[in-house]
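> Take a look at the letters that make up each chain.
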Amino acid sequence: MGKTDPFTRENIAQGLLAAADEMFYSWGRTSQSTIIYEVLDYACGLTDANGNLIGQANGATMFLGAITFSAKAILKKFGKDKIKPGDVFLTNDPFTGAGTHLCDVAAVLPIFYHNELVSFAVNKGHWNEIGGKNLGSWSTDAEEIFQEGLQLPDIRIYDGGVFNESVRDIIGANCRTPDMTLGDLYGQTAALRIAQARVLELFDKYGRDEVLESMEFILENGRKTALLELSKMPKGVFEAEDLLDTEANGVNDIPVKVKVTITDEEFILDFTGTGKAVFAPINCSVYGAQSGARIAYSALLSPHTPPNDGFYSLLKVLVPEGCLFNAKSPYPVSCDWEPIQILIDVVMKALAEAVPERVPAGHFLSIIGTIVGGTDDKTGKPFVLCEPQAGGWGAGDIKDGESGLVAVCDGETFIVPVEVCEYRYPIRVEQFALNPKTGAGQFRGGHGLIRDYRILNSKAEVTTIASRHKIAPWGFAGGKDGSINDVQIYKKRSGEMKSAATWSHEPLEQGDLIRLISGGGGGYGNPKKRPAEKVLKDWEDGRITLEEAKKEYGIIIDEAAGKVDMEKTKAFRP
Amino acid sequence: MSIRVAADIGGTFTDFVSLDEETGRIIEEKAHTTPANFAEGVIYAVKKSGISLSEVSYFVHGTTVVINAITERKGAPTALITTKGFRDVLEIGRANRPDMYNYFYKKPVPYVPRKYRYEVEERVSNRGEILIPLNEEELLSVASKIRESGIRSVAVCFINSYANAGQEQKAGKILAGQLPDAEITISSDLLKVWREYERTSTTVLNAYVKPAARLYLDTLKDTLKEMGLKEEPHAMQSNGGTATFERAKEVPISLIESGPVGGVIGGAALGKVINEPNIITFDVGGTTAKTSLISKGQVKITTEYKLEWTPLFAGYPVKSPVVDIIEIGNGGGSVAWIDEVGVLKVGPKSAGADPGPACYGKGGTQATLTDANLVTGRIDPDNFLGGTFKVDTEKSRQAIKPIADYFKISVEEAAMGIIKTAAGNMLNALKLVSVRRGYDPQDFAMLAQGGNGALLSPYLARELKVKKCIIPNLPGTFSAWGMLMTDLRQDFMQTCIMPFGNADLKIVNDIYGRMEEEAVSIFKRQNIKEKDILFIRTAEVRYAGQEHAVSTPVASGAVTKESIKECREQFDMIHEQKYTFSLPEAGAEFVGFNLTAYGVVLKPEIKKIGKGGNLEGAVKGERNVMYEAYGGILCKVYDRMKLGRGDRITGPAIVEESKSVTVLCPDQTLEVDAYGNLIINTKY
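Sequence lines, in order, name chains E and V. Counted the way my numbering counts, the first sequence spans residues 1 to 574. Counted the way my numbering counts, the second sequence spans residues 1 to 684.
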């Protein structure tokens, strides 16, 4: 036992985690940016003096690596001796540690206790706008990162407490909505100061040694938990491959490959064999790959263990230089959730057979990033609807898949209500419904969604990007594959319909309709084993047709009687 | 006719408090809650108290019937009718995955299965224009399907009905004609706020419990009348006010948190008497601790309530005003355990009433907070629940021993560890309602309640650094007492987005005018005279571009340019307090207008107690009590019943009463105030 009694240590640990939570709560409530407040696309956390993650609160899983790698990038660039009280740093550099695309900006505040660097408070969030060739700072057709926005490569925004107005003016001048962007910056740094105050309160109350010891214990306990959970996993080598079928800039489908090696003390993900980075914004940096790997690791080992660098210390990620998962400047990364999600999915798929109790069938996988924008006829001001879609999840060995849930890179992410959408944008939502096509199985895949946007403005444009447009989510253990993601455009004037998953600035006119269809999840187990009463209920609920009941499940329903025809069913189900 | 009665059904006990306004005499009773038929417990408690209901001028009832019917899925089969294209809104929800890394997460299952979710052609725009008129033929055909299905509870929620409720109301009238024996809930009758999922969810839950609530309230009322009650009984609503049974059964969803709010309202009422407008209430029962904040005499209300919500489960939104209470799974019965990496945790699992803590000797072997309190001398085994219940300290020691062995410390030290861990959890909840919302605890008094509230409150008051800690009379049944101090209350909300810059005064005045008219009409039906109605207006305000709005006061009377300006200034101020910054230069907008209407009723006067002076006479003994950083200290034990006004006790000390124990810390002093409350001050 250390200097501190175990109960006090735990009180301190809880206090540190509470500081991260409070930072998260405070920023979310005051943020001006749509993405942060509706989608909670941000994260807040604390590290020790070396940048090791102590605790993190985040709304989207993709930010798992956000805190630690950002703090470490600052430490690496400046060194401990050049960092002083009152400093705050900004970074959105995907290649040195910020990890994700340029709109995600991390702010890093070193916390000093009596002039000793003891911790970093870090938060990172999706800024509404950081410049670049398109409004919203992400596009589906960028060819290099310079088109994707302003880069902030680990810079000081507050120097010993003095705000750098020159940097502020550069940011302001390079963004289309400077008020909102700078508002995000102020909210973000205010939240860091709240965390700083809470951490210093703990130091004052319990003492320096006690708090530092508590930080060490958090990391040590994280590692212990990971070892314990790893001991419950089968050991060996597990492999899987897939194709990233996102259409962008005409690139071909990209092979994705993983070899997972599980030993008593290590969980190694080797992505050798994955295709090369492409001149389309569907690459990610090595830190993006690390974040994705952490999501898969958490999901497989212990979904409820709070993230910290002790817990992740068993994870090793190997991504060859120059591959899709380890792109370098000038490769564009603005839709990096596309590679990151398939990275996670292929790891899950590799282990599915070995641990079916931990892995359900495939889900719709893509967030179907959607932008509908234009200049509002009524106000003359630009409008931008920017949102992820929700879709169907895979069935598992004990349950049907969930319907209408956000994808794995998102988390506590809320879809925009129809009524808010109609108030805010010149759009009418004509339908928001379940997509009946899902993967059949003993346990049925969850439903994707159908969302119809009718354009009320004279002109608008739509941009979307999605994978799983050609290759449906995988079924598992005899379950059928789910259904694909699709974005359909119905032109009012010509009456024609066009279908694709990726659209770049597709022009629209008043009366045109965009139909966003997210895929249904894969099924689990032989559909013929699904109990007749469940199939009947699915039919009653309008989730499957009579035909599907017969063809997929081998159940004959007497429509008039509303019952299963047992006699006829016997012929189909031995 | 001068007796006021409150009956509060809780998970384990039904609390009963009566107050004779002439003599000031208070009777408290506890009866076991009777889940099979909750009314039985109430009736039993009434009988046990010996009160004659014909003497009762005011009967108020807190009930868990509504929340139980919902969480136990015992409501009525319900049908839902939506705008064409939107029947799945209820199932889709907001699509969030709070349990982010769990691939086996299960979403909330909708209370209406898909086959009973019907659509009709109709459409209103967000500006209230009728785009597609209601297709009445289609509605008739839906009505006949519902009739055939045998379903007798129907919810109706149309898109954008917050902006124009006409078509929804029309559909409601047609359905009432078609389905005369069905209960119909129309979303715009409950709330006129945007966000279709949240509104649909609220409407469906109201429809789901309506038949059960009606049956329960009618049965109880009939029984009480048979027993002599002459006055219309009142139900405690989650918004901290009451409504008559007649009104409550129309809007049963407003009773969702009927139980826990009494203590908060009581806190505000007591604060008024003893001149403490800023209070943090802290209620510790057997399984949970609840805390809420009262600022300047005002109870905090939230409209973000989600039933069954946890950090890992999305829950079911109820957009009905609820007193903002933070609840954590730590109470006397909470179990202490060591997690897999060797950290001591307390709760949320509870030993409940059966087997209960190890010391009950009913077969419980796991250590609980109560066991730790016993081992450390905080509770006297011979005076547990006033000596009516035998407890065994040796069993507590045995239960704690494995924890002591694990950490290689003594049983007493381990018991202190359990108390410290539970106190840490509670402290975080207390900070959540205070510090984290921008309030400085030094401006607040902490008010202890519940069977276990007084045990830990003095210590937590010191840790939180509040101004003082108050142990009221009868802390164990304080929540029921609080219900006696409650006015009738109705809340109205109307979403209406409007920039401050060119606010349309006519629209604002119309909205408030309509709400006030409706409030008067509802209260008149509850026999409240117009002179006793009090209105409080607020507006939801935010900076342009923000999502979350801040509730900001609006002056009563005609809204003018001046009052709008005043409102804007107030908003900046409140924003600064809550979020550490304000943007007075930035554009701001109204998101909606709210009205709270009170039907003020006569409340009993709180009587002063006799003067003290014989402190030694109140000492009933001495015992050894463990304190952190001090170890065991021999403390005097006082009998609260023998303390009088002005008596002062210096800590460490114990003050006992029949259903509660106050543990005074070494650096604290206690003074009995004029009304018998124990006021504890800490030397910081």
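No lab work stands behind these hints, which were simulated from the structure alone. Careful, some of the hints might be misleading.
Claimed, not checked - In the PhoX-like style, the derived pairs of lysine-lysine whose C-alpha atoms are separated by at most 25 Å in a straight line are: (1) V:K620 <-> V:K603; (2) V:K465 <-> E:K534; (3) V:K468 <-> E:K205; (4) V:K74 <-> E:K537; (5) V:K115 <-> E:K534; (6) V:K74 <-> E:K205; (7) V:K47 <-> V:K468; (8) V:K30 <-> V:K345; (9) E:K205 <-> V:K603; (10) E:K224 <-> V:K408; (11) V:K408 <-> E:K550; (12) V:K345 <-> E:K551; (13) E:K205 <-> V:K465; (14) E:K534 <-> V:K107; (15) E:K529 <-> V:K345; (16) V:K107 <-> E:K537.
> Next step is simple, just say for each hint if it's right about the structure.
Hints, one by one, checked against the model:
For the hint pairing K620 (chain V) with K603 (chain V), the CA-to-CA distance comes to about 36 Å; that exceeds 25 Å, so the pair is violated. At most 25 Å may separate the alpha-carbon atoms for a hinted pair to count; K465 (chain V) and K534 (chain E) exceed this at roughly 58 Å. Taking the CA atoms of K468 (chain V) and K205 (chain E), the gap is near 20 Å; set against the 25 Å cutoff, the hint holds. For the proposed pair K74 (chain V) and K537 (chain E), the alpha carbon gap of about 21 Å is at most 25 Å, so the pair holds.
Between K115 (chain V) and K534 (chain E), the direct Cα distance comes to roughly 14 Å. Compliance with the 25 Å bound is thereby established for this hinted pair. At roughly 49 Å between alpha-carbon atoms, K74 (chain V) and K205 (chain E) are farther apart than 25 Å, so this suggested pair is violated. This hinted pair does not check out: K47 (chain V) and K468 (chain V) have alpha carbons roughly 38 Å apart, beyond 25 Å. For the proposed pair K30 (chain V) and K345 (chain V), the alpha carbon gap of about 31 Å is over 25 Å, so the pair is violated.
Taking the CA atoms of K205 (chain E) and K603 (chain V), the gap is near 44 Å; set against the 25 Å cutoff, the hint is violated. With a C-alpha separation of about 20 Å, the suggested pair K224 (chain E) and K408 (chain V) falls inside the 25 Å cut-off, and the hint holds. Distance check on the hinted pair: K408 (chain V) and K550 (chain E) sit about 65 Å apart at the alpha-carbon level, beyond 25 Å; violated. For the proposed pair K345 (chain V) and K551 (chain E), the alpha carbon gap of about 53 Å is over 25 Å, so the pair is violated.
Restraint check for K205 (chain E) and K465 (chain V): the C-alpha separation of about 12 Å stays at or below 25 Å, so the hint holds. A C-alpha spacing of about 19 Å is found between K534 (chain E) and K107 (chain V), which places the hinted pair at or below 25 Å, so the restraint holds. Of the pairs offered as hints, the one joining K529 (chain E) and K345 (chain V) is violated, with about 43 Å between alpha carbons and a cut-off of 25 Å exceeded. Straight-line distance between C-alpha atoms of K107 (chain V) and K537 (chain E) comes to about 19 Å, which keeps the hinted pair within the 25 Å bound.
The structure is inconsistent with the numbered hints 1, 2, 6, 7, 8, 9, 11, 12, 15, although it conforms to all the rest.
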